[in-house]
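Letter by letter, the chains look like this.
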Amino acid sequence: MTVNLATLSDRTGLAVLEHLERQVAIPVIEGIQAQGDLLVVPLRLVGAAVTVRDLARWQDVPATGLELLRGAAGGNPHSLVADPGTCTWTTDVRDTFRLALGVFHNSTPVYLLHPEHGATGFTPGAYVVRRQREFDHRLTLRGGGGHRLIAD
Amino acid sequence: MSVPRRLEAADIRDEWLGWALSTLPADQTAAEAAISELYERAGRPAPRFLWVGSPNAAMEFVPAGIPMREFVKTLSIASRLATLGSELREALDRRVGHPWALAWGQGEPDPLDAEVRDPLRDFVRDGVCTPLRLALPLAERLTWYGQHDAYWIAHYDAWRRIGGRTFRGLNGQLDLWATLARSCGWWWPMEELCVVSLRPVSVRTEEQRLHSEQGPAVAYADGWSVHAWRGTRVPWWVIADPTPDRIAQEPNIEVRRCAIERLGWEAYIEQAGLRLVATARDPGNPGFDLLLYDLPGTVWGRRARVLLATNGSVERDGRRRRYGLGVPGHLDDPVAAAAWTYGLSTDHYAQLARRT
Numbered sequence: 001m002t003v004n005l006a007t008l009s010d011r012t013g014l015a016v017l018e019h020l021e022r023q024v025a026i027p028v029i030e031g032i033q034a035q036g037d038l039l040v041v042p043l044r045l046v047g048a049a050v051t052v053r054d055l056a057r058w059q060d061v062p063a064t065g066l067e068l069l070r071g072a073a074g075g076n077p078h079s080l081v082a083d084p085g086t087c088t089w090t091t092d093v094r095d096t097f098r099l100a101l102g103v104f105h106n107s108t109p110v111y112l113l114h115p116e117h118g119a120t121g122f123t124p125g126a127y128v129v130r131r132q133r134e135f136d137h138r139l140t141l142r143g144g145g146g147h148r149l150i151a152d
Numbered sequence: 153m154s155v156p157r158r159l160e161a162a163d164i165r166d167e168w169l170g171w172a173l174s175t176l177p178a179d180q181t182a183a184e185a186a187i188s189e190l191y192e193r194a195g196r197p198a199p200r201f202l203w204v205g206s207p208n209a210a211m212e213f214v215p216a217g218i219p220m221r222e223f224v225k226t227l228s229i230a231s232r233l234a235t236l237g238s239e240l241r242e243a244l245d246r247r248v249g250h251p252w253a254l255a256w257g258q259g260e261p262d263p264l265d266a267e268v269r270d271p272l273r274d275f276v277r278d279g280v281c282t283p284l285r286l287a288l289p290l291a292e293r294l295t296w297y298g299q300h301d302a303y304w305i306a307h308y309d310a311w312r313r314i315g316g317r318t319f320r321g322l323n324g325q326l327d328l329w330a331t332l333a334r335s336c337g338w339w340w341p342m343e344e345l346c347v348v349s350l351r352p353v354s355v356r357t358e359e360q361r362l363h364s365e366q367g368p369a370v371a372y373a374d375g376w377s378v379h380a381w382r383g384t385r386v387p388w389w390v391i392a393d394p395t396p397d398r399i400a401q402e403p404n405i406e407v408r409r410c411a412i413e414r415l416g417w418e419a420y421i422e423q424a425g426l427r428l429v430a431t432a433r434d435p436g437n438p439g440f441d442l443l444l445y446d447l448p449g450t451v452w453g454r455r456a457r458v459l460l461a462t463n464g465s466v467e468r469d470g471r472r473r474r475y476g477l478g479v480p481g482h483l484d485d486p487v488a489a490a491a492w493t494y495g496l497s498t499d500h501y502a503q504l505a506r507r508t
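Protein chains in written order, with our numbering: chain E, 1 to 152; chain H, 153 to 508.
If we strip away everything but chain H, and leave its shape as in the complex, we get (with noise of 0.2 Å):
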């Protein structure tokens, strides 16, 4: 792909990004019109709509169950629109060439693929929608994304404005619901109401994933929100005030690994009154110490030990910043075990000639 083409298409995943990042108040009549719409299309009147304030307080006004018929012949809204949306998908596949969604080898994907269609599908879907889902009882609701359904009309609109392929009729729907990825968050069609929610009020990530160390990761504006660690979705304690007590009852395991990681090792070593096996002089690291302690069973469920090491190199501040590492539990010399991190064997570890 040439220079020029290949910031067209990171322009394009920015812009779609940002559509489904946005905390920007929903636009209510952009929202509505495309929704009604799209009942019309799927043979149904426009709906009463009913606007929350977040994904969690729609529950309340949607019943669980996925309704497949409203009565005996004919199709509820709910699955006409997911007729109508896959149908759209498998028609914009044939004008694309190949489908979005790529079996597994099958090769190296399209370079506008590997530019849009993979870092959305990563970062949008797998590191903000999910996580957020899984906060919610959505396994028995049909939920349409809104916002987080950036991700597959991004895929088509890139192919349209700069892939060389023309959908024609096609057009009108995939805008429908291009309007809708910039004007709302999540919503759920029924027969006469519509429910939508707005938009978060603010959304944290790091590394294309959900994380924030201060506070929630995702909040909406009617208080519901949702705490994560790197892309995990955690209680706000683990956040908010994560001591050893709290991990030592968390029955997650991956929860408890981020409760650690947010302690910090060192904290968490000192605070948990972990029994130190031994320590030794790191042969890699001149005037520093390794130090070895076992792990409560309760952590990660088997026999393990952390190893505490310091930095090589100084921080801003002057100082060397300590690090834990999860080692096997049978290793009871801590130069062994700073050797097994690196798969070394402790004699060549302890040639380490210098640690930067």
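Next comes chain E alone, as it looks inside the complex (with noise of 0.2 Å):
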């Protein structure tokens, strides 16, 4: 079955915008992906910062989809959607620069879905999703110097 907006936007319940074109299928893609203030990129490229807890709890993702994070405006979220136990997520992970929300892994495609950045598909594997940062004067971490999150 072709995967496009409209497919997504069905399944989850989320109004995509209008202007986003709704039939075309959404490419399913090895490797990392932005998608506004968020990237995916696969466990194995960054396992030097990332590291998933031992105890680490699992969740299922939904095909209703599972929110990620919401936008600044409140009413934007980026939601990953994959079939039924195909894909689990959990945010019990350490990363070194503190971006990381979680980690999720699939056994078949799942997609992250945005009402204004559209949608975006990954392989099966293990991802991390990280969110964007930018230097900031208020916060000094320590080893990082400071920065802030990024909420689009």
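In case anyone wonders, no lab produced these hints; they're calculated from the structure.
Glycine residues also receive a C-beta, built at the ideal position from the N, C-alpha and C atoms.
A portion of the hints provided could be inaccurate.
To be verified - Covered by chain E, according to a simulated footprint, are these stretches of chain H (three or more residues, beta-carbon under 8 Å):
| # | stretch |
| --- | --- |
| 1 | 474-487 |
| 2 | 494-502 |
What the hints assert, rightly or not - Just some of the chain H residues that point at chain E, by a computed CB distance under 7 Å:
| # | residue |
| --- | --- |
| 3 | G436 |
| 4 | A456 |
| 5 | T462 |
| 6 | S465 |
| 7 | A505 |
| 8 | R506 |
| 9 | R507 |
To be verified - Okay, the calculated beta carbon distance ranges per label pair:
| # | chain 1 | residue 1 | chain 2 | residue 2 | range |
| --- | --- | --- | --- | --- | --- |
| 10 | H | E242 | E | R148 | 56 to 62 Å |
| 11 | H | A182 | E | T91 | 46 to 52 Å |
| 12 | H | E239 | E | A56 | 43 to 49 Å |
| 13 | H | E260 | E | G85 | 25 to 31 Å |
Make one complex out of these two single chains by using the hints.
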């Protein structure tokens, strides 16, 4: 079955903006991808910085979508969408850069959906979801210099 | 917490949030009756009332200096009311079973508190009342907050309405505070005079904090107003007319940041004539460039640069939004700067397969 924005929108109940193309198949890609202020990166590429805790609690990602992060205006979430039983998610992770929201494992393609940015797909694997940061005068983190997290 | 109970809790929260953000004219009769009864409970006769258009207008009538003792052996009414209120809250806390303000590290809040107490504390007290307080010399004036006291009143109201707690003889005084939260703005009790402010005529918020991109975030009928950008109180020009010159002259770094956000990085870079350090193709966004600029030292107070990037998806009008991100000053390569924002190496960022 071809997955497009219309399919994902129906499954999750999340409306996507009208100007986005609803019928085109969403590419399912291996490797690093960005969606707005989020970055999804294969775990193996950042294994030195990001580790999943030993007793991490994993939850199934439902077909109706799991909200990972909401935008600054409050209304526009980045949602992870997978077929039932094919993708699990945990927030029990350590990231030396303190940017990781969590890690997901998927055995079939999983999609990241956002009402303004559209959607993108990931081949089976293990991925870290990270937030974007910005240099900031206010915070000084040990070893890292100051930064704050972006919410677009 | 069951779903119906959660919905009831949300209704109670929204009801009190509505009063906290209310711009209705004051219910002067109800407010005066409630304050008079509080005076009586504090052992003092009812005062005269002076209604003012805003908290700012009250400053003229409320002398600075916390009045501890009116005369040698008698506590001032302000002190008596403060004691009355704090004793009430302590007694209510015992009935609820835990204090309103839990110390840090005491574990997960009760679901009812997570639904009512915590969001109202964050929104009403921290997001609205505190920025307004900071606009006035209130450190030396004991102030009661009327509608903005709703955040703590709602907590006890929720526990008595759906939390299964009974407050018996405490209900009477709690109801007086609740009446004030529903009927007026801030107030200042003195021995024979009580100054009470009307509610604002407009309140604008976003994300549970004061924010307005057009005009003041809070405005009162007498013309006094407060401008705010994403929860930070700012001078009027930040909202109405932000310019690179004003930004350069502004001593407060937070205000400078807000003004640049208000102006937008792209406009700021152009109008301030920032020096372009380097450009590069954005590996993750084919057809678009990354531009790295030097920020004047006066902006962040230390060496920094700004990266101007282009969104991966188009806006409604078919254009792509550009956005600026602050990056450390030692980065010379725009791709390295973009990589830094995600905590990636330059090589890894260059492998970015898709941006949406």
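**Asked** With a cut-off of 7 Å, does the beta carbon of H:T462 approach a beta carbon of chain E closely enough for the hint to hold?
**Response** violated, 12 Å
**Message:** Quick check: does the Cβ-Cβ distance between H:A182 and E:T91 fall within 46 to 52 Å?
**Reply:** holds, 48 Å
**Cut-off 7 Å, beta-carbon criterion: hint that H:A505 touches chain E** = holds, 4 Å
**Hinted contact H:S465 with chain E - closest CB pair below 7 Å** = Since the shortest Cβ distance to chain E is 4 Å, the answer is holds.
**Request:** Grab the minimum C-beta distance from H:R506 to chain E and call the hint holds if it beats 7 Å, violated otherwise.
**Result:** Holds, because the Cβ-Cβ distance from H:R506 to chain E comes to roughly 5 Å (cut-off 7 Å).
**Prompt:** Does the Cβ distance between H:E260 and E:G85 fall inside 25 to 31 Å?
**Reply:** The hint (25 to 31 Å, Cβ to Cβ) holds, given that H:E260 and E:G85 are roughly 29 Å apart.
**Request:** Report holds or violated for the interface hint on H:A456, using the least CB-CB distance to chain E and a cut-off of 7 Å.
**Result:** holds, 5 Å
**Asked** Was the hint right that H:R507 lines chain E, CB cutoff 7 Å?
**Response** OK, holds: H:R507 within 7 Å of chain E, min 5 Å.
**Asked** Any CB of chain E closer than 7 Å to the CB of H:G436?
**Response** holds, 6 Å
**8 Å C-beta criterion, at least three residues: is the stretch 474-487 of chain H covered by chain E** = With 5 residues in contact (Cβ-Cβ under 8 Å with chain E), the coverage given for the stretch 474-487 of chain H holds.
**Asked** Is it true that the C-beta distance of H:E242 to E:R148 lies inside 56 to 62 Å, as the hint says?
**Response** The hint (56 to 62 Å, Cβ to Cβ) is violated, given that H:E242 and E:R148 are roughly 38 Å apart.
**Asked** Is the gap between the beta carbons of H:E239 and E:A56 within 43 to 49 Å?
**Response** Distance hint for H:E239, E:A56 holds at roughly 47 Å.
This entry does not satisfy hints 5 and 10, going by the numbered hints stated previously.
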